[in-house]
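The residues making up each chain are set out below.
Number of protein chains: 2
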Amino acid sequence: MNQRTEISTLGEFGLIEHLTKNIELQNASTILGVGDDGAVIDHFGRQTVITTDLLLEGVHFDLAYTPLKHLGYKSVIVNLSDVYAMNATPTQITLSIGISNRFSVEAVDEFYEGVYTACNKYGVDLIGGDTTSSKTGLIISITALGEVAPDKFVKRTTAQKGDLICVSGDLGAAYIGLLFLEREKKIFMESPGVQPDLEGESYVIGRLLKPEARKDIIEFFAQQELMPTAIMDISDGLSSEILHICKDSNLGCVLYEEKIPIHEEMKKAAYKFEIDPTACALSGGEDYELLFTISQNDYDKLVLNEQISVVGYMTEPELGSHILTKGGGKHPVTAQGWNHLKK
Amino acid sequence: MNQRTEISTLGEFGLIEHLTKNIELQNASTILGVGDDGAVIDHFGRQTVITTDLLLEGVHFDLAYTPLKHLGYKSVIVNLSDVYAMNATPTQITLSIGISNRFSVEAVDEFYEGVYTACNKYGVDLIGGDTTSSKTGLIISITALGEVAPDKFVKRTTAQKGDLICVSGDLGAAYIGLLFLEREKKIFMESPGVQPDLEGESYVIGRLLKPEARKDIIEFFAQQELMPTAIMDISDGLSSEILHICKDSNLGCVLYEEKIPIHEEMKKAAYKFEIDPTACALSGGEDYELLFTISQNDYDKLVLNEQISVVGYMTEPELGSHILTKGGGKHPVTAQGWNHLKK
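Keeping their order, the protein sequence lines are chains A and B. Sequential numbering of the first sequence, starting at 675, is according to the numbering used here. Sequential numbering of the second sequence, starting at 675, is according to the numbering used here.
By construction, these hints were calculated from the structure, which means they are not laboratory data. Note that the coordinates shown come from a computational prediction; the quantities given were computed from them, not determined experimentally. Hints may be right or wrong, so weigh each one.
You can't tell identical chains apart in this list, so a pair holds if it fits in one copy or across any two.
To be verified - Mimicking DSS-like on lysine-lysine, the simulated pairs with C-alpha atoms at most 25 Å apart in a straight line are:
| id | residue 1 | residue 2 |
| --- | --- | --- |
| 1 | 884 | 743 |
| 2 | 695 | 921 |
| 3 | 835 | 975 |
If we strip away everything but chain A, and leave its shape as in the complex, we get:
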């Protein structure tokens, strides 16, 4: 990034043209993309899922340790994760950004490189958006659309008593990655000469900076003809999300601490901070794994997929929501997920 082109040399429309000129549409349903008042999509015989996220500098990301390319990638991923959490396949996104003039065109290009990398990997078309100047920090707003066969979408309200509670991948690592990066930022601010010490932490840092959406899990459901009874993505920690399903489905739950999937690298890293790895899995954020419930009759279908862990089961609402610890204790599940509005 040796060159610095001021955004003002392109102007708003020039910038949009510059950023979107290489788009190649990937979905047959995308009839008209960027460049008009709106985009046009054809969804004959399918249903459309729509989801949106607003990401703000200083609230959701810190540019001190977030490369713009990774930020672009992740901004797309967090939206696609919501589409998969409806049991749907993402097809299109719109992207609006607010940027201050401290960004060069090259910096904005890096951000878009990440956006396009994610779009290509997940087969999604960027079909529109809005570009404006921001007088404060970087602002990113993405809306994602997806397709699902009629009435095959899966809500949060339809888990049943006795259903198994499952999660994909492993939990809590992104939160530990954040702790490392915040620590190194603090050291750097105090002693700018000190080089960051992130040796051996690539797993947890990768989980924070470059998460993936669980396309593979949704494809697995389709292959196995497995219809979960409820799905959510895990962005605020397992506790917060399972409580949403309990509330929305009017049920209780039991979780088993020993069943919660935790990566070895994350466990080691958590101990460096003297933090309980289970607490990170329950209350950390930004894992973008899927949490879902299935009928016990479907248990056999899961065994084939080592990316899926059964962590508990749904109960009658009167029993509340509990976690059974490795030590034999029983504690209520409490939501301590990232609540930006309470900060």
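Since the structure of chain A is already known, use the hints to place chain B on it.
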């Protein structure tokens, strides 16, 4: 607004529940609304138009003179205007907001009251969104979806040589409204005791603070079986928009100054600022009228609608884009519309 409830007393999810509990869905195509990872829409046999806008405090609006209810209303309108500009009917919106803790729940309620008023008036469902804290100003991101019969959407690229150039309503008034409010703000900042003098300026101020989207024009097209060859909405002034159509359709144009529709109240107000009303119509912004081109064969159908003015015609690209003035002059059309990125 006597009561002040801190947003922190509700929390993020409490706030979302509070803001969305009274939603009544209006469109049969809305299968699932707010409350899950995504919303679900059914568009069998129709095409979907999608458009999005990002509105930032200090860039797009000034809370010193913009009531929150009006801001909520207008935020919806600017998106619906883009949907109508595709010859489509808006059906759903998603709304994301970033709010700082200087806002009370009551203030956010006022904003949403405006949002719901616009949704009800235009028959649109609010189906989802994102709510987060902002460390700086108020941030509003809306994505609107609309329906259109297969291949009845209208682009900017398909105007034809000889087509008539038409606009709805009248132009330039919102810009004059802005000048009044900016003037009164400046006076108030210098002498806080002075009461604002906006007597007699309700038309131009109303055009700025509470614009409408031209649903009636799209309905008129359908009734008359009139298919424009190109449509855009006028958000950056007539000059900027007609140059978009010229560029995208590879044509030139001739505009007649005397044909440009200007409201009497706007003309009087412009003279108070010693500004040429035509310049406001050409380069002012935020009119949210429709600019469209039609075949000369369809001229007879227009006569029935006094909300539509023919202001010129499309030419070969070699002839460039010109305006013929009342005094008999001929000037090139230049885009001096609001370009936020150049500020």
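Going back to the hint list, which numbers does this structure go against?
Structure breaks no hint.
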